[in-house]
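From first to last, the protein sequence lines stand for chains A and B.
Taken in order, the first sequence gives residues 1 to 649; the numbers are from the working numbering.
Taken in order, the second sequence gives residues 1001 to 1157; the numbers are from the working numbering.
Derived from the structure by calculation, the hints contain no laboratory data.
A short list of chain A residues far from chain B (calculated; beta carbon distances all over 12 angstroms):
| hint | residue |
| --- | --- |
| 1 | 20 |
| 2 | 170 |
| 3 | 469 |
| 4 | 512 |
| 5 | 560 |
| 6 | 625 |
Computed beta-carbon distance windows for the label pairs:
| hint | chain 1 | residue 1 | chain 2 | residue 2 | range |
| --- | --- | --- | --- | --- | --- |
| 7 | A | 601 | B | 1023 | 48 to 58 angstroms |
| 8 | A | 429 | B | 1121 | 44 to 54 angstroms |
| 9 | B | 1113 | A | 439 | 51 to 61 angstroms |
| 10 | B | 1111 | A | 513 | 22 to 32 angstroms |
| 11 | B | 1098 | A | 152 | 32 to 42 angstroms |
| 12 | A | 380 | B | 1113 | 32 to 42 angstroms |
Note that the Cβ used here is the ideal one computed from N, Cα and C, for glycine as well.
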Amino acid sequence: MNMLPELGHFALCIALSLAIIQASIPVAGVLTNRPLWMRAARPAAIGQFGFLLLAFLILTYSFIVSDFSVSYVAHNSNTSLPLQYRISAVWGAHEGSLLLWVLMLAGWTLAVAVFSKALPRDMTATVLSVMGMVSIGFLLFMLLTSNPFDRQFPAPAEGRDLNPLLQDFGLVIHPPMLYMGYVGFSVAFAFAIAALISGRLDTAWARWTRPWTTSAWMFLTLGIMLGSWWAYHELGWGGWWFWDPVENASFMPWLVGTALIHSLAVTEKRGIFKSWTVLLAITAFSLSLLGTFLVRSGVLVSVHAFATDPARGVFILAFFAVVVGGSLVLYAWRAPRFKAEGKAGFFSREGFLLLNNIFLVVAATAVFVGTLYPLLADALALGKLSVGAPYFNTVFVPLTLPLVLLVIGAASLNWKRGNATTMWQRLRWVAVLAVLTAIVFPFILIGQSSLIVAAALMLAFGAIYSAMEEIYRRGSRRGYRKIPLASWGMSMAHIGLGVFVIGVTLVSTYSAESDVRLAPGDSTELSGFSFRFDGISHEAGPNYDSTVGKVTLSHENKVLAVLRPEKRIYRAMGNSMTEAGVLPRLHRDLYVSLGEPLSNGAWSLRLYYRPFMRFVWLGAIFMALGGLIAIFDKRYRHPKLIHAQTGSV
Amino acid sequence: MTPRRRRMLLIAFLLLGLSAATALVLKAFEQNLLYFYSPSQVAAGEAPTDQRFRLGGLVEFGSVKRTDGNLDVQFTLADCEGSMPVIFSGILPDLFREGQGIVAYGRLGTVATEKAFIADEVLAKHDETYMSPEVADAMKNADGTKCMPPGMLQSAS
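All chains should be built: construct the whole structure from the sequences, respecting the hints.
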């Protein structure tokens, strides 16, 4: 009989024991000053990664060969499932996604162990110990309540199926990216805890922490962006963001993570905001944990889902209480010893960054309230309610537009003491250009505009131009080669923010949609484009049967494309899925999804015209790219050169 | 201005901003809370008449009527003790069918002097076997046992 799943289970147990060693011995070595004990951290981290990788590969293998005696495989796969989806099904549900989570945690730990040679030995040891503790929590959770290698006998002849929603390229890579982000914040968290334990929090500490935080943030940005892109073309509702609790769960750590990146910059440059930075690091990771559990534990469907498996619920709450409670107690006890090395004047770069942090944290709190209040109300039997998307939109827009204004201002201000005259000198051409483009841009590309659109675009272009101006100013003064990569990255990310705001403004203002009834041969107009319905055909996919509509798009009697929106029925469980037909262009998307068959061969169809939809995702990609560039800044690689360049972020 | 007064001014400014933000958040929050009601609760007059809410139940067999020529549709949502006519214009979700548990978003209104629920959004989940926990709760007797709306039993057999 095939014993591989047992071997996988066994590998998890060994990984747990290595995690226990990694969590206890090095930190004990730090406290008792025993270098040999501290050195145990690295081999333990390497070993843990090895065994988790083994377990992960075994689970993947069980999926590939469709070993339905493994209950998790039987629930989430099927012999007719194409190979790439059998592999991605590994993280398609609760147990497997936990395994992916700990594997990534071990991967990040390994990376810290390998790239931290320049760090003081006690710092590395503490950081790795803290990450080991997190790993213990997750491994225990998995082994006690959610073992992916559980067997079921007799093995069913055929598995159920992977949720068809997940059978898509977007969802193959979206969860790993998101998890890389979530788990990546554990590094910032571990550094924060290490700073609290050692009482050392200086420029060098901020320099060690920054690239790790930025990498995690970059992955999270890409993960959220992929999720949005997937929802757009897979759900058939044509939206890109729904303020759904699942989306909010990933957005909260992103907002706090963004605040953390900026606060770390201030801590590095000016030696202030120290306790605040530590608090943000703890919060970002706590929200990542919350996000993981919210999405995978079933609590969002109903708080009563816990009742069906109380062990999971109790464990999650206990683990959460230990991580959050423990780190906050440590924070309350140790943070007061961090002394600011300077004062923050309001009219300076750090002053603006402080405001940025306030806005981001308030925004995150607003999302938090809207996401968790319904759960709380349900748990306390206050009624069954949900918070509608308009709440988030009303709250979010007035909170985020000032943020863009701060980005523009901060780019033109120096550290320590800014100066209104210099600010104006630097920004006047930015302002003139931004106003001009904001007025002209929508008229030329969409053919209309309004005061609100122009105002929002002014901010967006302001962010783009001020980022360029800063690079130009510094490049022309000292040469472009002297500009640190961190600054290039920052400007890139701010340009991304501008592009994102342009996209959001235009797509939310000028989108047009229409639900129509069309018989074959009928056509209809939307925003000057003609959509002709040419009937449907039936096709068979590898594991589904599909009804494919044919819709011919034309503009001024010229055919632009033939779209093929689909309605799929997956054979295994009879689930149905909508695949939209999209004609994507940089400045507009045309979008069709099939509704339902009506009388006389007619169908209901949903049509969209979405101007500048791509800018939303492009903006997110630029932001992530900015993060990627910043990670490679030289000064993070030689963190011992503490008193090096100034003036860069 | 002395540095001290400037600092006080800054703090006052921040507090003002924060309280404005809080007020904004709370107001938007209150306006967008969507409560859930079952058809019998609506019949008993528990649902608000001036606010959007969610209505959930089973789609009664034989109740779905499409209008020819446009996307208007009418159907009846039922729980064990009551039912409620719903009108909607647009595309129904993939898993909308008679006998299925669904949730509609909208408000109360009248259609041809009859009270009806005017839905602007209709949701059904992507899983054949899944029923929203709220609808599942609405399909229970006072003692917690499962029940079926009277009309559904006849049509189902």
